[in-house]
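Visitor: Sequence:
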Amino acid sequence: MLIGHPPEHRDDETHGARAHFLQVFLSQRSQMEALVSRRVGCRATAADLVQDLFLRFWRRPLVQVEELSTYLLRCAGNIAIDHLRSEGTRVRVNEGWQPDEPDSSASEPQAALEAGNDLRHVEAALRALPERTRQIFLLNRIHGRKYAEIAKAMGLSQSAVEKHMMRALEACKASLREPAPRTPGKAP
Numbered sequence: 001m002l003i004g005h006p007p008e009h010r011d012d013e014t015h016g017a018r019a020h021f022l023q024v025f026l027s028q029r030s031q032m033e034a035l036v037s038r039r040v041g042c043r044a045t046a047a048d049l050v051q052d053l054f055l056r057f058w059r060r061p062l063v064q065v066e067e068l069s070t071y072l073l074r075c076a077g078n079i080a081i082d083h084l085r086s087e088g089t090r091v092r093v094n095e096g097w098q099p100d101e102p103d104s105s106a107s108e109p110q111a112a113l114e115a116g117n118d119l120r121h122v123e124a125a126l127r128a129l130p131e132r133t134r135q136i137f138l139l140n141r142i143h144g145r146k147y148a149e150i151a152k153a154m155g156l157s158q159s160a161v162e163k164h165m166m167r168a169l170e171a172c173k174a175s176l177r178e179p180a181p182r183t184p185g186k187a188p
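Just so you know, the sequence shown maps onto residues 1 to 188 in full-length UniProt numbering.
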């Protein structure tokens, strides 16, 4: 609600602000969908996410933003990142992180500790990758996208996608080969 004007004037002002928002949103929609599509690798998902973004803004009280079009593009990029994070979490939960059959109950804590260390090494290796390489890796390994789909969505050749994947996989393998740092004073 806008404060300081008679009720009938507030309704006109709110209506004008909503009309302006709708105009700017519609003018930026294709850019937002293209940005989200490049990040998530799927046009349909991008359209859904941008529609969700519209509904979030439409339902909340109007706030003043200096440059609405820039703000909307930034928000679109953020919802793509949020989507990728939530999809990664969903995949990990569905697939589970524990082995199907543990070898023995005595070695379970040690195996869990080693698996946790391996996971931290791989996550660190993935964070160290260039953004595009990491994004391609996540689209392929987490979202199950084929190289051709990723290439088309990101405007790259399939060969370039393959090279990015090789780089990411090699970084993951190398992170597992690196010896764990030793604690001073402890024997191996």
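Hints may be right or wrong, so weigh each one.
Derived DSBU-like pairs (lysine-lysine); straight-line CA-CA distance at most 30 Å [what the hints assert, rightly or not]: (1) K173 - K163; (2) K146 - K173; (3) K163 - K152.
Label-pair distances were calculated between CB atoms; the ranges are [stated by the list, open to error]: (4) G88 - E108: 38 to 48 Å; (5) E162 - H15: 32 to 42 Å; (6) S27 - R56: 14 to 24 Å; (7) H15 - A115: 54 to 64 Å.
Derived from the structure by calculation, the hints contain no laboratory data. The beta-carbon is built from N, C-alpha and C at its ideal position, and this holds for glycine as well.
Visitor: Hint by hint, which ones does the structure fall short of?
Guide: 4 and 5
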